[in-house]
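The chain contents come next:
There are 6 protein chains.
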Amino acid sequence: MRLLVVNVNTTESMTKSIGEQAAAVASPGTEIVALTPDFGPESCEGNYESYLAAIAVMEKVRAYPEPFDAVIQAGYGEHGREGLQELLDVPVVDITEAAASTAQFLGHKYSVVTTLDRAVPLIEDRLKLAGLTDRLASVRASGLGVLDLERDPDAAVAAIVEQAAAAVEQDHAEVICLGCGGMAGLTEQVVARTGVPVVDGVAAAVTIAESLVRLGLKTSKVRTYAPPRPKQFKAWPPAN
Amino acid sequence: MRLLVVNVNTTESMTKSIGEQAAAVASPGTEIVALTPDFGPESCEGNYESYLAAIAVMEKVRAYPEPFDAVIQAGYGEHGREGLQELLDVPVVDITEAAASTAQFLGHKYSVVTTLDRAVPLIEDRLKLAGLTDRLASVRASGLGVLDLERDPDAAVAAIVEQAAAAVEQDHAEVICLGCGGMAGLTEQVVARTGVPVVDGVAAAVTIAESLVRLGLKTSKVRTYAPPRPKQFKAWPPAN
Amino acid sequence: MRLLVVNVNTTESMTKSIGEQAAAVASPGTEIVALTPDFGPESCEGNYESYLAAIAVMEKVRAYPEPFDAVIQAGYGEHGREGLQELLDVPVVDITEAAASTAQFLGHKYSVVTTLDRAVPLIEDRLKLAGLTDRLASVRASGLGVLDLERDPDAAVAAIVEQAAAAVEQDHAEVICLGCGGMAGLTEQVVARTGVPVVDGVAAAVTIAESLVRLGLKTSKVRTYAPPRPKQFKAWPPAN
Amino acid sequence: MRLLVVNVNTTESMTKSIGEQAAAVASPGTEIVALTPDFGPESCEGNYESYLAAIAVMEKVRAYPEPFDAVIQAGYGEHGREGLQELLDVPVVDITEAAASTAQFLGHKYSVVTTLDRAVPLIEDRLKLAGLTDRLASVRASGLGVLDLERDPDAAVAAIVEQAAAAVEQDHAEVICLGCGGMAGLTEQVVARTGVPVVDGVAAAVTIAESLVRLGLKTSKVRTYAPPRPKQFKAWPPAN
Amino acid sequence: MRLLVVNVNTTESMTKSIGEQAAAVASPGTEIVALTPDFGPESCEGNYESYLAAIAVMEKVRAYPEPFDAVIQAGYGEHGREGLQELLDVPVVDITEAAASTAQFLGHKYSVVTTLDRAVPLIEDRLKLAGLTDRLASVRASGLGVLDLERDPDAAVAAIVEQAAAAVEQDHAEVICLGCGGMAGLTEQVVARTGVPVVDGVAAAVTIAESLVRLGLKTSKVRTYAPPRPKQFKAWPPAN
Amino acid sequence: MRLLVVNVNTTESMTKSIGEQAAAVASPGTEIVALTPDFGPESCEGNYESYLAAIAVMEKVRAYPEPFDAVIQAGYGEHGREGLQELLDVPVVDITEAAASTAQFLGHKYSVVTTLDRAVPLIEDRLKLAGLTDRLASVRASGLGVLDLERDPDAAVAAIVEQAAAAVEQDHAEVICLGCGGMAGLTEQVVARTGVPVVDGVAAAVTIAESLVRLGLKTSKVRTYAPPRPKQFKAWPPAN
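Protein chains in written order, with full-length UniProt numbering: chain A, 1 to 240; chain B, 1 to 240; chain C, 1 to 240; chain D, 1 to 240; chain E, 1 to 240; chain F, 1 to 240.
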């Protein structure tokens with residue numbers, strides 16, 4: 001099967017990293033196609049960028065010329081999943097929700113550790129809409145921007161590990177979700193410090209997408225995610 | 001003061017209608033500027049269209065060349081308000097939330113009557129994120145598309161009145177919010193049939209925006225709606 | 001239009017102050033009539049006093065001899081709004097709910113800072129009944145009594161500013177509501193310290209009441225706030 | 001021990017009936033003192049009347065000249081319990097909460113059947129503040145006024161039994177609370193029709209009050225229900 | 001009347017202690033029969049043990065040869081109450097729920113103080129299923145095992161008192177429930193330190209069970225707690 | 001990898017059927033071992049039976065002599081998952097939760113269709129504890145017992161299809177979970193009637209268990225699911 005794993009920002013190195021994470025856990029026979037949007041911000045760290053990325057991801061997926069079996073939206077706490085679900089019959093898996101769903105099988109409560117403090121409300125809102133907050137202990141921020149994860153990995157590790165430990169010790173989290181597409185490499189260190197299972201959203205999403213495909217399950221089309229009605233669009237998609 | 005009232009779709013006649021509704025309730029001294037996005041769908045009836053409209057609204061507002069005091073996003077159950085709040089210091093008022101907030105001052109529970117059934121979950125999700133569902137009795141759909149409201153007003157009236165009456169009689173709503181930018185003219189008929197107050201989102205939003213401006217209140221910038229961080233955007237905004 | 005702004009306690013100086021706050025934000029053409037109950041406590045700092053004040057406010061409004069367009073109940077976290085809504089057709093606006101509704105347009109979460117710790121549960125309960133707690137970060141108390149605000153304003157400012165800052169820094173509030181009818185003068189200091197918008201309940205209530213009147217909206221009479229049924233009252237209203 | 005059972009309205013025959021219900025279940029050695037407020041409405045069927053009754057009940061209890069061990073507020077869905085708790089050290093038991101607490105020991109979900117439809121939101125709000133709605137299946141109204149229960153008992157029985165049956169069959173209630181101080185005599189008929197346990201609030205409250213007294217438990221005074229602070233009251237209590 | 005008070009573990013000394021607590025508050029004419037399961041763990045400190053105890057308690061009660069009027073399950077945060085309710089017509093009272101229900105009559109919020117930290121989620125889950133978490137301030141653990149309460153009572157007192165004080169001061173609890181069958185003797189010390197009412201679950205359960213019996217109320221049999229359907233059991237009950 | 005799939009009842013034919021369902025979706029290289037408890041009821045249709053089954057499942061898994069990688073508890077709405085999680089390091093997947101988690105990736109709301117009406121509250125409670133009720137539209141019962149599914153498959157199909165259709169049309173479910181271990185064969189008919197995705201719990205659980213194993217994730221041991229403390233057990237496990 002072929003899974004499209006779509007980065008939400010336009011930083012190619014991050015797409016590459018996400019694609020490698022996905023490929024590392026994919027089953028034999030699963031082809032991972034990592035895509036970068038054609039337009040939008042170099043990183044998503046707020047609502048404006050996230051809304052723009054949502055559209056850029058949708059357009060990228062719509063333009064993909066080959067058949068595929070599922071799509072993974074590889075941004076943490078981002079907008080847009082519902083739009084992709086309307087456009088496609090195949091399953092769409094958001095990594096925020098994939099990580100939380102997976103975490104709930106492993107411990108009584110889970111926390112998310114993300115980068116910037118301003119991303120916390122976005123993640124909380126995504127999880128609220130997804131109905132996944134009852135067992136959410138906390139969303140904590142390390143205070144680092146998305147691209148800092150690539151620029152200064154050591155500081156990133158230290159700051160994230162500290163927040164993960166606080167989530168376990170103060171908020172009673174029993175599982176940690178790493179709340180950023182670029183955090184996957186940090187899993188080992190967080191496990192070592194906290195002793196709790198650490199879920200990477202991209203990896204979780206790959207297994208969930210594969211599972212849905214294997215079970216023959218597709219997006220429900222009876223109401224919320226019915227295909228868009230035929231209509232006129234003005235000046236869209238963009239010419240550039 | 002100057003209020004930007006931004007239609008979410010690209011149908012100019014609807015922009016005109018929304019602008020007239022807004023002007024009809026604006027205080028003396030308030031200038032209403034009704035804007036139509038430069039790109040996007042002719043109507044918003046689902047998530048894909050709504051996400052696209054969110055971006056189109058933001059770009060339109062960003063490009064507006066004159067000073068203004070507040071922005072009203074004149075689409076019911078649409079995405080994007082949080083993005084506008086990041087981009088602007090002035091208040092941003094979503095008509096879905098404006099109607100609900102207003103309704104809560106008038107009765108113990110309120111319902112929303114909207115057009116298509118598929119819009120119901122979008123409205124529910126918007127109200128959930130806004131923290132306005134505790135006193136929500138129901139969101140009901142008349143089964144008509146947005147543009148049907150202009151094409152066959154008589155059928156629209158009949159269908160909406162029927163759902164409003166059901167909301168009052170079966171769901172115990174004590175106030176009705178008309179859940180569509182183009183429904184404003186129907187208020188009188190719904191009041192006549194149900195005997196309950198009927199809130200039009202555009203009108204409610206105008207008074208709330210004016211109030212926030214008069215009180216000197218602006219969007220909080222300390223966390224969720226802080227301005228976007230400086231960064232590179234690829235191929236955006238679109239050239240067309 | 002004429003707005004009745006009813007103090008909940010019998011301290012005339014506080015009524016005067018409330019009336020001035022209201023007048024300061026009222027539109028041209030709005031007449032503010034500040035009323036003091038004929039009986040009841042000199043300040044409301046608990047349930048017994050608040051229940052008594054609720055009745056005293058209702059009797060005062062019932063006895064008002066001239067027409068009026070809306071009523072503002074100018075006590076924070078007090079009982080009684082639902083009773084006024086039964087007695088009147090015109091809108092009734094509680095300042096606790098007015099402040100919270102207004103705050104929700106400005107930030108992702110809001111906190112209330114009030115006077116005595118024992119008032120916190122009353123405010124929480126009022127907001128719970130009003131369906132306005134989903135985005136409530138916290139209710140914090142400065143530890144000062146209502147009348148201390150008049151007696152020692154400097155200490156009041158310091159204590160309130162401290163709690164407001166804690167609400168922003170520890171509870172992630174993005175907006176502060178000043179939770180006491182007599183706190184209005186402190187807005188400036190709290191803004192200076194925290195950098196977040198500060199909402200005064202009386203001012204917010206005036207703009208909301210004016211808006212409802214302008215929109216021609218009145219209290220729903222179909223169920224919860226239907227007029228009292230005709231019946232015998234024993235020894236009421238009191239002779240004194 | 002001595003229990004004050006306070007009617008919320010000024011209809012002496014209803015006080016007598018409530019007192020008899022209470023005495024019928026009281027333990028040997030428990031003295032039931034049934035009190036009627038000195039002022040207020042002949043029945044409580046809405047917020048205005050309920051707020052007035054709240055104060056009338058408090059004044060009656062304050063004026064009671066002998067020692068007592070607990071107070072039962074014998075009105076369904078009425079205001080005021082929190083005020084009594086401030087005024088007294090001894091336990092205060094509201095019959096709405098007593099019935100619901102008792103019902104939760106008997107079945108997975110419970111419903112309340114009350115008189116007028118307009119009382120439904122009052123009861124819902126009382127149960128919401130009491131934290132007793134998670135297992136509430138529904139509050140249903142028979143459409144009869146409080147005094148109809150005395151005037152036309154046969155019709156009252158029929159209407160209440162019908163709603164109780166609907167609560168069990170449609171709302172999945174497994175226990176019924178009779179939501180009116182005057183409904184106690186109807187228990188037998190409702191049991192016969194529905195086959196589920198039926199809880200009478202007055203009876204439940206008597207056993208709970210007795211239990212609290214026997215366990216030596218009193219109202220907590222550390223915060224919400226601390227005694228009122230010493231202060232001036234204007235023209236209160238009333239002279240009549 | 002005869003009440004069965006069933007310990008959840010197989011430690012006879014704890015059964016004796018529980019029986020004495022129960023007898024100390026039982027009404028004249030109430031016979032307390034304290035039972036120890038025939039199999040299972042010496043203490044319940046986790047889910048495996050609690051599930052096993054649930055079955056052991058049920059089998060012990062099923063085998064009891066004499067008539068009885070109600071059953072008290074005397075373990076804090078344990079599984080099994082719903083099973084007993086299916087097996088019996090008489091009321092079944094769980095001490096976790098009895099304590100919480102009682103606490104809610106005494107203060108605005110309550111906390112539970114228990115032994116091991118790992119028991120906290122069990123208690124939280126029990127209260128969640130019972131619909132008793134809206135007014136729950138916190139569940140706190142003293143860090144001591146169940147049997148430590150017998151082995152080193154002084155340390156137990158100190159640790160529990162410390163957590164109770166923290167619940168009042170930090171979590172705003174106004175009532176404390178002692179969350180362990182063996183904690184009853186500590187009530188006095190906790191009251192002395194915190195000044196709030198302290199509820200012992202066994203004592204509360206005895207009065208509730210007696211009340212239900214006096215009121216003639218039994219477990220509802222219409223749905224959730226209907227008797228088990230007739231069927232084959234393999235190798236059960238155990239031969240030993 | 002080896003997955004233990006444990007039936008909750010002692011009916012071997014149902015174990016066989018469950019094992020076949022599991023094997024049908026297992027990846028190449030996954031060995032499915034279907035186990036039947038050594039004691040307990042022939043079917044689980046209530047709390048008593050479910051509690052007994054919980055223990056029987058745990059004992060069966062404890063006694064399994066070979067290594068294994070994950071356990072699937074193949075009963076719908078049953079007790080016991082938390083106990084298994086304490087006993088094991090490997091992941092434990094409950095089919096109720098597996099189905100719900102999977103459904104949430106496919107539609108905005110989901111419903112569960114089960115057999116007996118009395119099972120509905122058990123399923124609701126399981127989903128409540130699992131934090132999976134926010135997007136639950138309804139739990140509906142076909143009115144058939146567990147073993148009827150084997151005895152009269154045609155009637156089972158008809159009754160289940162009818163409830164599934166009602167869930168979609170009346171409750172706005174967009175996905176159906178078949179809420180019984182023995183319902184798997186009915187998927188096709190329900191899909192044909194409703195047009196929505198249908199999730200079988202056993203199949204969903206197999207893919208989730210495989211995913212957790214592939215990702216190297218195990219049950220968190222820091223708090224709720226820490227191993228049982230060493231202690232004495234009386235007369236357990238049973239000799240028979």
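Hints listed in this document are in silico derivations from the structure and should not be mistaken for laboratory results. Please note that the accuracy of each hint is not assured.
If several chains are the same, the list does not tell them apart, and a pair holds so long as it fits within one copy or across any two.
[Stated by the list, open to error] Listed next, the in silico DSS-like pairs over lysine-lysine satisfying Cα-Cα at most 30 Å (straight line):
# : residue 1 : residue 2
1 : Lys-234   : Lys-221
2 : Lys-221   : Lys-16
3 : Lys-218   : Lys-231
4 : Lys-234   : Lys-16
Exercise for review: Would you pick out the hints that fail for this structure and give their numbers low to high?
Suggested key: 2
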